[in-house]
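Student: Please construct the entire structure, taking both the sequences and the accompanying hints into account.
Next come the chains, spelled out residue by residue.
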Amino acid sequence: MSESYEATVTDPVSAPMTCDSNPVEEWLRMDRMPHIWCPGCGIGTSVNCFTRAIEESSLDRKNIAIVSGIGCTGRVAGYLLLDSFHTTHGRALPFATGLKLASPKTKVVVYSGDGDLFAIGGNHFIHAARRNLDMTVLCVNNFNYGMTGGQVAPTTPEFAIASTTPYGSVERPFNLPYLAQSCGAVYVARWTVYHVKQLQRSIREALEKPGFTFIEMVAPCPTLFVRRNRLGDGLAALESYEENAVIKNGADTRECDLGMGGPIVCGKFVDIDRPSYLSNQVAHLRKVLGDRYVMPDAWQGVVQ
Amino acid sequence: MVETKKSAAPKAPKGHVVINTERCKGCGFCAQFCPTGVLAMSKGFNLKGYHPPIIADAAKCSGCGLCGMYCPDFAIYGVKNGRKPESGDL
Ligand SMILES: Cc1ncc(C[n+]2csc(CCOP(=O)(O)OP(=O)(O)O)c2C)c(N)n1
Ligand code: SF4
Ligand code: SF4
Ligand code: SF4
Ligand SMILES: [Mg+2]
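Top line first, the protein sequences correspond to chains A and B. Its first residue numbered 5, the first sequence is counted upward by one per residue in our numbering. Its first residue numbered 110, the second sequence is counted upward by one per residue in our numbering.
Hints are supplied without guarantee of correctness; some may be wrong.
Label pairs and their calculated CB-CB ranges [stated by the list, open to error]:
{"id": "1", "chain 1": "A", "residue 1": "V298", "chain 2": "B", "residue 2": "K157", "range": "57 to 63 Å"}
{"id": "2", "chain 1": "A", "residue 1": "G102", "chain 2": "B", "residue 2": "K169", "range": "16 to 22 Å"}
{"id": "3", "chain 1": "A", "residue 1": "H131", "chain 2": "B", "residue 2": "F154", "range": "34 to 40 Å"}
{"id": "4", "chain 1": "A", "residue 1": "T92", "chain 2": "B", "residue 2": "A121", "range": "39 to 45 Å"}
{"id": "5", "chain 1": "A", "residue 1": "Q285", "chain 2": "B", "residue 2": "G146", "range": "52 to 58 Å"}
{"id": "6", "chain 1": "A", "residue 1": "L63", "chain 2": "B", "residue 2": "P144", "range": "26 to 32 Å"}
{"id": "7", "chain 1": "B", "residue 1": "A168", "chain 2": "A", "residue 2": "E29", "range": "42 to 48 Å"}
{"id": "8", "chain 1": "A", "residue 1": "T168", "chain 2": "B", "residue 2": "K169", "range": "45 to 51 Å"}
{"id": "9", "chain 1": "B", "residue 1": "A149", "chain 2": "A", "residue 2": "E246", "range": "17 to 23 Å"}
{"id": "10", "chain 1": "A", "residue 1": "E243", "chain 2": "B", "residue 2": "K120", "range": "29 to 35 Å"}
{"id": "11", "chain 1": "A", "residue 1": "H131", "chain 2": "B", "residue 2": "P144", "range": "41 to 47 Å"}
{"id": "12", "chain 1": "B", "residue 1": "K157", "chain 2": "A", "residue 2": "P170", "range": "30 to 36 Å"}
{"id": "13", "chain 1": "A", "residue 1": "P170", "chain 2": "B", "residue 2": "P144", "range": "38 to 44 Å"}
By construction, these hints were calculated from the structure, which means they are not laboratory data. This one's a predicted model, so the numbers in the text were calculated from it and none came from an experiment. We put the CB at the ideal spot given by N, CA and C, even for glycine.
Tutor: This is the structure:
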């Protein structure tokens, strides 16, 4: 077994293994590879789902902008070969909001971690969802602050161990789908990175739907959260997702809490229509101002 | 002339898989989630000290591309035989 592999190491020229045309590479800034993510980290798997979703979608890649905050997940903006911006910690949504208002034709995607989006950036999240801004928010939930050493996050399950909760967290975590729905998101789903095909399909749906669309992507942080809670490695985490997932499309989001070792309810929970911030603004100002209303140039032909 | 039944002839594999061993970090996702058991984890090391996957049974590869979808390090991909991988592939 190892012999045939050894041959490829000692004799790279005759090695049959090359990687010139991995289909994901056209979506990556290959000059930035290898990436910083640890072995078995789920962020890379989520990126595979994302790039395949864009390929499959009707979106023009020149029109997509990807915005991240700070964290291991925040690195995604720097690795994808798309227009991108790596904002300060927690501020992906304010940046994305400004970008969308200035350039409504751009498909704005926020790709960030649970800490970035729901701890320091939580206030921005609730208002972006409330306004129904046209954007897709993809959150890698690895249940802790990966980048800074595994501190407790607003998503850390009750009684789980983090670097700042050595005896277990006693806080009740956010149930992200319930939060997103309550605040006004028109599309809400949760998948784990074990569910690659379902996640790909869901990301595509979210990208193509107008309004504020949100997907929670449950992923392992094997170096910190998984190890500290003695759950094995990244592979063991994916196997536990396979075992614990309960696929329930249309589930009541109030029943989607995540606990240690408990069921992981996955599926598409919300898919409704509601006027977006931009279209609502235009319709209302036209009504109250009549001919005096002048639509911003960048909005012409884009916002109905 | 010896006649061979069609079913006795070995079928050409439907797909193949390509591994970039030096980019691999040995997480094992690809081998675990390949639906047909094409891959196994090597006992050998790559230059960074990780155990990469090896092709244990190439004939079983369907080219479904799931290994590439799971790989967090973009180190492996599968493709259907008879055509180049396209952007629309898995
Ligand atoms: C204003 C500010 N406060 C704190 C930090 C330190 N910091 C960097 S990343 C991070 C949390 C990241 O957690 P998460 O968003 O879950 O990303 P992950 O690394 O888990 O993917 C923190 C607190 C910072 N960079 N800036
Ligand atoms: S610290 Fe955790 S989240 Fe960050 S790259 Fe490593 S495994 Fe991934
Ligand atoms: S999934 Fe990728 S990184 Fe993990 S073992 Fe397979 S090739 Fe290596
Ligand atoms: S392409 Fe599919 S069948 Fe072939 S090795 Fe990869 S996962 Fe297995
Ligand atoms: Mg996190």
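Student: For the pair B:K157 and A:P170, does the Cβ-Cβ distance stay inside 30 to 36 Å?
Tutor: Distance hint for B:K157, A:P170 holds at roughly 32 Å.
Student: Assuming the hint says 52 to 58 Å, is it satisfied by the Cβ distance from A:Q285 to B:G146 or not?
Tutor: About 56 Å separates the Cβ atoms of A:Q285 and B:G146, which means 52 to 58 Å holds.
Student: Is the hinted range of 16 to 22 Å satisfied by the C-beta distance from A:G102 to B:K169?
Tutor: At 51 Å between Cβs, range violated.
Student: Given a hinted range of 42 to 48 Å, is it respected by the beta-carbon distance of B:A168 and A:E29?
Tutor: Distance hint for B:A168, A:E29 is violated at roughly 27 Å.
Student: May I ask you to test the hint 34 to 40 Å on the CB atoms belonging to A:H131 and B:F154?
Tutor: violated, 50 Å
Student: For the pair A:T92 and B:A121, does the Cβ-Cβ distance stay inside 39 to 45 Å?
Tutor: violated, 54 Å
Student: Honestly, do A:V298 and B:K157 meet the 57 to 63 Å range at C-beta?
Tutor: With Cβ atoms ~59 Å apart, the hint holds.
Student: Can you let me know if the beta-carbon spacing of A:L63 and B:P144 is within 26 to 32 Å?
Tutor: holds, 29 Å
Student: Hint says 17 to 23 Å; check whether the CB-CB distance for B:A149 and A:E246 agrees.
Tutor: The hint (17 to 23 Å, Cβ to Cβ) holds, given that B:A149 and A:E246 are roughly 20 Å apart.
Student: Is 38 to 44 Å a correct range for the gap between the Cβ atoms of A:P170 and B:P144?
Tutor: holds, 41 Å
Student: Could you see if the CB distance from A:H131 to B:P144 stays within 41 to 47 Å?
Tutor: holds, 43 Å
Student: 29 to 35 Å was suggested as the range; check whether the CB atoms of A:E243 and B:K120 agree with it.
Tutor: holds, 31 Å
Checked against the numbered hints given earlier, the structure breaks hints 2, 3, 4, 7 and satisfies all the rest.
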